[in-house]
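From first to last, the protein sequence lines stand for chains W and E.
One point on numbering: in the working numbering, the residue at position 58 of the first sequence is 58, and numbering is uninterrupted.
One point on numbering: in the working numbering, the residue at position 485 of the second sequence is 485, and numbering is uninterrupted.
Derived from the structure by calculation, the hints contain no laboratory data.
Mixed in with the good hints there might be a few duds.
[As the list claims (entries may be wrong)] Sample of chain W residues facing chain E (criterion: CB under 8 Å; computed from the structure): (1) L17; (2) G29; (3) A31; (4) P72; (5) E76; (6) S79; (7) S86; (8) S216; (9) Q219.
[To be verified] Pairs of lysine to any residue residues, derived as SDA-like cross-links and limited to a Cα-Cα distance of at most 20 Å, are as follows: (10) K40/W / K484/E; (11) K41/W / A349/E; (12) K484/E / Q189/W; (13) K484/E / P273/W; (14) K68/E / A349/E; (15) K41/W / V23/E.
The structure displayed is predicted, hence computed values, not measured ones.
Beta carbons: idealized from backbone N, C-alpha and C, even for Gly.
Given next are the chains, with one letter for each unit.
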Amino acid sequence: MTKRPHSCARGFSLVELLTALAIFMVICGVAFGMLTLAMKKYHSDSQLLNTFQEARFGLDQMVRDINDAGYPPRSEIQSTSTPPPSTYAATAFAWGGTSYPGSPCSIGVNCTVPNGYDIIVETDIDRDRPNYSGVGVEWVRYKLVGTTLYRGYIEKPDTPSPDPDALTSGSDVLVPYVQNVMNNPPAAQLAAIQAAYPTMFPGGNPVPIFKYICESTPQPMDCTGTSPPSSTTDPTHVVAVIITLIVQAPTLDIQTGRIQVVQLKGQGRRLNPD
Amino acid sequence: MRIRKKRQSGIALLLAIFVLLLVSVVGLAMMGASGTETSLSGNYRSSTAVYYAALSGLEEGRGRLLPKNPNYISSLPPFGSTLPLGHVIYITNPLPSGSPPDIVDPTNLGNPATYPDTDWATEFPLYNPPSTVQTVPSAVNLAGSPNPLYKWVRINALTEDAIRVDVNNTGPSSHPYNQNKIVYFDGNNLTRTVAPYQALGVTALAALPDGSRKLLQYVVAPITLRLPIAAALTLVSPGTAANIVTFSQPPTPSYSFQVNGSDQAPGSNGGLSCTTQPSLPAIGVLNLPDYTSVHDNTLMTPQPGHYTGAGGAVPNVSPSPYVNPQTPTIDMTTATGLTNLVQQIQNTADSVVTGPATGSDMPPAMSFSNPMTVVVNGDLTLSGYTGYGLLVVTGKLTYSGDSGWKGIVLVIGQGVVEETGSADGGEFDGAFFVASTVSGGGPGGGGATDTLGPVSYTVASPGGKGIYYNSCWVTAAQKPITYKILSFHEIPYP
Chain W
1 MTKRPHSCAR
11 GFSLVELLTA
21 LAIFMVICGV
31 AFGMLTLAMK
41 KYHSDSQLLN
51 TFQEARFGLD
61 QMVRDINDAG
71 YPPRSEIQST
81 STPPPSTYAA
91 TAFAWGGTSY
101 PGSPCSIGVN
111 CTVPNGYDII
121 VETDIDRDRP
131 NYSGVGVEWV
141 RYKLVGTTLY
151 RGYIEKPDTP
161 SPDPDALTSG
171 SDVLVPYVQN
181 VMNNPPAAQL
191 AAIQAAYPTM
201 FPGGNPVPIF
211 KYICESTPQP
221 MDCTGTSPPS
231 STTDPTHVVA
241 VIITLIVQAP
251 TLDIQTGRIQ
261 VVQLKGQGRR
271 LNPD
Chain E
1 MRIRKKRQSG
11 IALLLAIFVL
21 LLVSVVGLAM
31 MGASGTETSL
41 SGNYRSSTAV
51 YYAALSGLEE
61 GRGRLLPKNP
71 NYISSLPPFG
81 STLPLGHVIY
91 ITNPLPSGSP
101 PDIVDPTNLG
111 NPATYPDTDW
121 ATEFPLYNPP
131 STVQTVPSAV
141 NLAGSPNPLY
151 KWVRINALTE
161 DAIRVDVNNT
171 GPSSHPYNQN
181 KIVYFDGNNL
191 TRTVAPYQAL
201 GVTALAALPD
211 GSRKLLQYVV
221 APITLRLPIA
231 AALTLVSPGT
241 AANIVTFSQP
251 PTPSYSFQVN
261 GSDQAPGSNG
271 GLSCTTQPSL
281 PAIGVLNLPD
291 YTSVHDNTLM
301 TPQPGHYTGA
311 GGAVPNVSPS
321 PYVNPQTPTI
331 DMTTATGLTN
341 LVQQIQNTAD
351 SVVTGPATGS
361 DMPPAMSFSN
371 PMTVVVNGDL
381 TLSGYTGYGL
391 LVVTGKLTYS
401 GDSGWKGIVL
411 VIGQGVVEET
421 GSADGGEFDG
431 AFFVASTVSG
441 GGPGGGGATD
451 TLGPVSYTVA
461 SPGGKGIYYN
471 SCWVTAAQKP
481 ITYKILSFHE
491 IPYP
């Protein structure tokens, strides 16, 4: 009878305590390790998400501008007059050169713009009240320089033979829009991305941001390439633009140490007639 | 001692809870991160989905403007007259089930939950609120798949201010966009000049359950055949001795038959609102021998005054009736062009009848307010019958003096028309066109097909009232083949 309370009151042995402590430390260590990892992962992931978000907004805007390309068409102004060129869109996608809107170039052959990394959309982006300001259409340009996608727009001028390319290429027009765009990166960077994402750059070639689909018979065809049939590759034939945006996050993946890249795809369809 | 034992086991419990908490926090953080990523890519998909949903709404609106569509919006005014400003037609498309029920009420501007049409007030400040609002349900109901997620489609007349385009090019810096004049369509361009066809605005709002919304707008206008009508009665032949136009007037000197090239519109036109167009010649032919045959050898006596029209000369016959720059695609001066035209009309006709046929073979739904396109492959005999719309007869057209047609009659094929003289009082309002596409006297006559041949129009006594040019019925007879998209753009929706 006297033994029982004694044994009940017996404390832990040193070995027991040390073992329990060790187990506790291990569990705590693992837990805190995971927590730290998760925090770091969270941080790098939010960087990736920010990049993703920024690219998505950029893509959305591009799709919207291309969908509205060519608005308003010439047919919305009566035929028995000669309206100023700034009041209507002569074509959906402007091209470089002072002969514009005459003698269209061939995409992939002799167009300074449009090309795989550069596009000028002719549309009216500011007509809707209450933000309505201008009466005319605008030239909206997207252009990739290095790893920065620039965007800018000007009012289409009424002056004779304006060059859409020259007038929209100034640094006072184009402003940085999406950073770290890796569609056409330096060779070393391309190789690094390809190592992490083997399918991102087919054939190890840069990926055009803008892929042009031209109307042709029997079905629309890709007219971005370098030597497509010339009769259907001028910008007036473009009916859709497929947009691919490859954007790299500023931080490395915390677990694998690899670079992080997101690829977004979108398509803008031109519904306005020429 | 029991108390101490309890305290020890309590610590173990606390420890366990603590560890569990740590693990949960880590797990939740990880799940949270990947969850954000999923919702972001979901957002991107929905912005594409809502665009296509709104586009499907626009297409439903555009499709239901066509009179041939089984779901034609019957509250639209008869084709050829004008949908007034301030008159709105909404196609609504709420979700078929759900709790709370999906209510679509674009006119309830105060309630964002019922998808208000906030754009109307900015487009039409002078017509806000709209004077007439009609609502029709969506016709889209595909078995086994959910309805497209657009909420409403608005159809309305347009002004310069609504589309913010200076349609008549008066210089927007000095002239504000006009807010109260309807914008019309001249076949190629919008115009402020009153024209038979009107441009319409089709606007669609789509909303996804996740809250993304998009407002898209079409400007559409009807594309019709736009036949190059150039005389009240046009008789086309190549003008050679074997293939010439023969017009036989009634044998009695005091007959009632007339051909009048002065526009009879506006008049009794079944609710159509039309403006008077310039007069046309009474009879048009292509070549000088035809002119000699009809004008010099036939109509100079006894009733030259029964053939009146543009220019005032009587009898009024024009040797060169074909000047119509608006329709370069329709050639009504060659056999090939005419054969193609008949085929084109047949492809979009309301009714195709195989002859020999009579008035009882005509579609019963055809009426004063519902003109139709009818093609008769073969002979047609009308007795005491009046039809409405566009009639094509490839064989011989025989009609009694109490028969008539409001619209356009094209006798293309054998090119033979005969009025039997058995009764009186019938009248043709619109335009009448006769041509033979078989040279040398029609089938059995040994002539070649696809070549213009001889044309004959015979009128017995008293001959009915005759043929009267009426631009209103010419317009009403040519129903739209399609509504063309003139422009498309997105409108910011709050």
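Do the hints match the structure? See the list:
| no. | hint | result |
| --- | --- | --- |
| 1 | L17 | 12 Å, violated |
| 2 | G29 | 11 Å, violated |
| 3 | A31 | 4 Å, holds |
| 4 | P72 | 5 Å, holds |
| 5 | E76 | 5 Å, holds |
| 6 | S79 | 4 Å, holds |
| 7 | S86 | 10 Å, violated |
| 8 | S216 | 20 Å, violated |
| 9 | Q219 | 20 Å, violated |
| 10 | K40/W / K484/E | 56 Å, violated |
| 11 | K41/W / A349/E | 67 Å, violated |
| 12 | K484/E / Q189/W | 49 Å, violated |
| 13 | K484/E / P273/W | 10 Å, holds |
| 14 | K68/E / A349/E | 9 Å, holds |
| 15 | K41/W / V23/E | 16 Å, holds |
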